[in-house]
Amino acid sequence: MTPVQANSATTSRLVHGQAGRRRVDFDVARVRQDFPILREKVYGKPLIYLDSAATSQKPRAVIDAMSRFFLKENANVNRGVHYLSERATEAYEGARAKVQRFLNAEHAHEIIFVRGTTEAINLVAQTYGKKHVGEEDEVLITAMEHHSNIVPWQMLCEETGGRLRVAPINDVGELLLDEFEKLVGPKTKLVAVTHVSNVLGTINPIRRIVEMAHARGAHVLIDGAQAAPHLKVDVQALGCDFYALSGHKMYGPTGIGVLYGRSELLEEMPPYQGGGDMILSVSFEKTVYNKPPQKFEAGTPNMAGAVGLAAAIDFLSGLGQETLSDHEEEVLAYGIHALSQVPDLRLIGTARAKASVISFLLADVHPHDIGTILDREGIAIRTGHHCAQPLMNRLGVAATARASLGCYSTHTDIDALVAGLGKVREVFR
Amino acid sequence: MSSDLRDLYQDVVIDHSKQPRNFRKLEGATRTAEGFNPLCGDQLMLYVKLAEGVIQDIAFQGSGCAISKASASLMTVALKGKKQEEALALFGRVHAMLTEGSSGEMKPEDVGKLAALSGVWEFPMRVKCATLAWHTLRKALEAKGARISTE
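So the sequences go chain by chain: A and B. 498 is the number that this note's numbering gives to position 351 of the first sequence; each next residue is one higher, with no gaps. 159 is the number that this note's numbering gives to position 142 of the second sequence; each next residue is one higher, with no gaps.
There may be inaccurate statements among the hints.
Each computed SDA-like pair below joins lysine to any residue, with the alpha-carbon atoms no more than 20 Å apart [as the list claims (entries may be wrong)]:
id: 1; chain 1: A; residue 1: Lys570; chain 2: A; residue 2: Asp522
id: 2; chain 1: A; residue 1: Lys192; chain 2: B; residue 2: Ser20
id: 3; chain 1: A; residue 1: Lys570; chain 2: B; residue 2: Asp32
id: 4; chain 1: B; residue 1: Lys35; chain 2: A; residue 2: Val574
id: 5; chain 1: A; residue 1: Lys192; chain 2: B; residue 2: Glu139
To spell it out: a stretch of chain A is covered by chain B in this simulated footprint if at least three of its residues, at any positions, have a beta carbon under 8 Å from a beta carbon of chain B; those stretches are [as the list claims (entries may be wrong)]:
id: 6; region: 215 to 227
id: 7; region: 449 to 458
id: 8; region: 479 to 486
id: 9; region: 531 to 537
Keep in mind that the hints were calculated from the coordinates and are not lab data. Each residue gets a CB set at the ideal place from its N, CA and C atoms; glycine is no exception.
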């Protein structure tokens, strides 16, 4: 096939924005130099990494920040009075302040460090959920949720006698807002929706969703795992009550994530796990819990992870969120166009508002076979049900192949994918 | 194409994946078992008609990748008319071929046509695709957790 435009290391084009036409220059070749792993060879071929929605690669700055922490600052936080403990506490709380600014939260204590999005959602289910979702009460999710935004609510409902409701989507993978609105009722205590679908790339209209939910007195949790690396997230502008994200999907390390919660809600929620740090005083008769965020951070936290996440936020800020979004949008459009030219290829998920994910099927070749053949070409994609089996059932497919983008993605990656799919066709001709 | 890919997707494998043999529901099956690989969603229903310890007929239905379909198809062809213990012995040899490859003591000729699957062992992530049908077979023959039809 003919590439839509010549391969270029730099995205340079005109974007129609609110401020009129502006030129976008994004030096992706330079960005790629920040990622040591992108110089690796796979089976003797250059690595083509198209699996950032599973986990992003890590820039040198994140790797260095973490090793610097271990080399120079490591000690337990909020405990000792010694020099290193003070340094570590500063680093850890500095990371919290950085996340606060990144999400534009009103207060630093609204930022709770957790292991990742999964733990953030479980935390809300086990604290807010247990307190507010009683018998017959409802939790409303959508048909496009990841298992991590389904199973914690099922577990909660099983325990409390609550009901899980599911808002439907259309065939291209967009939430049916009218149907959604009908499902928000007086019994709805919580709405839990993904910001960006990990399978389809669909960007959900969060502000509208929040308005509809709040109008009926329901609180809203947003699963932001796939949104945080790609979109500007402003929790106050979105108006959501909880926002969950994972560090490792936004160029940070694994094992660190964030739950943002509105201050009033966090104050009245019961604690999550019991242990050190989450208490003010303990006696065998009575324990007094600490205030948020410590109330929800029992035990020694992932300090190096928080430091790595802070470095990842600096990295993202350095790229410029808008410039980055424009670059990714451009590569996405190039990818969608290129893949739609491949014979017998069917795109899965063609929502109008879409980010960074291209799911597809190729003739009747099973996605795992596609994945294996591409792998030997050095191309990493994800294949399978993407931890979204109910969505797969809704779409009537057992699995899909998924190419997902990051700040380092280029036209060259897409061209390699298209060429790789040619090999797949050759094997299965 | 790299040689290990050619070993994996041999013509026989592609053929059996595109036109799986004995791909149907078997009326009058005395044993059925369901195989499921939760990691990739591959699903398989195996039907066996067993009489006096001999596999009179065997068939399967389901969805999965080329490797899992071809493996199931080749298995049904190889097992028709075999005694139960012969089938289980073949299971052992196929399993060794898939997991140990050329480093093991198995020779491809010990498994007949199933040697078409000998390339799988170089793809550790795909071994489970090829063994799914065989584990389901064992479940059916041993009736462990299998749904047994008494017809």
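Can you confirm whether the C-alpha distance between Lys192(A) and Ser20(B) stays at or below 20 Å? Between Lys192(A) and Ser20(B) the Cα gap is close to 15 Å, so the pair holds against 20 Å.
Starting from Lys570(A), check that the Cα of Asp522(A) is at most 20 Å away, please. Holds, at about 11 Å.
Sort out whether Val574(A) lies within 20 Å of Lys35(B), counting only the CA atoms. 12 Å, holds
Hint consistency between Lys570(A) and Asp32(B) [alpha-carbon to alpha-carbon, up to 20 Å]: Distance ~17 Å between Lys570(A) and Asp32(B) Cα, so the pair holds.
Next pair to validate is Lys192(A) with Glu139(B); report whether the Cα-Cα distance is within 20 Å. The hint holds at about 18 Å.
Three-residue Cβ test at 8 Å for the coverage of the region 531 to 537 of chain A by chain B: Per the Cβ count (3), the hint holds.
Quick check: do three or more residues in the region 479 to 486 of chain A have a beta carbon closer than 8 Å to a beta carbon of chain B? violated (count 0)
State whether the coverage of the region 449 to 458 of chain A by chain B holds or is violated, taking the criterion as 3 or more residues with Cβ-Cβ distances under 8 Å. violated (count 0)
Taking beta carbons only, do three or more residues of the region 215 to 227 of chain A come closer than 8 Å to chain B? violated (count 0)
Figure legend: structure checked against the earlier numbered hints; hints not met, in rising order: 6, 7, 8.
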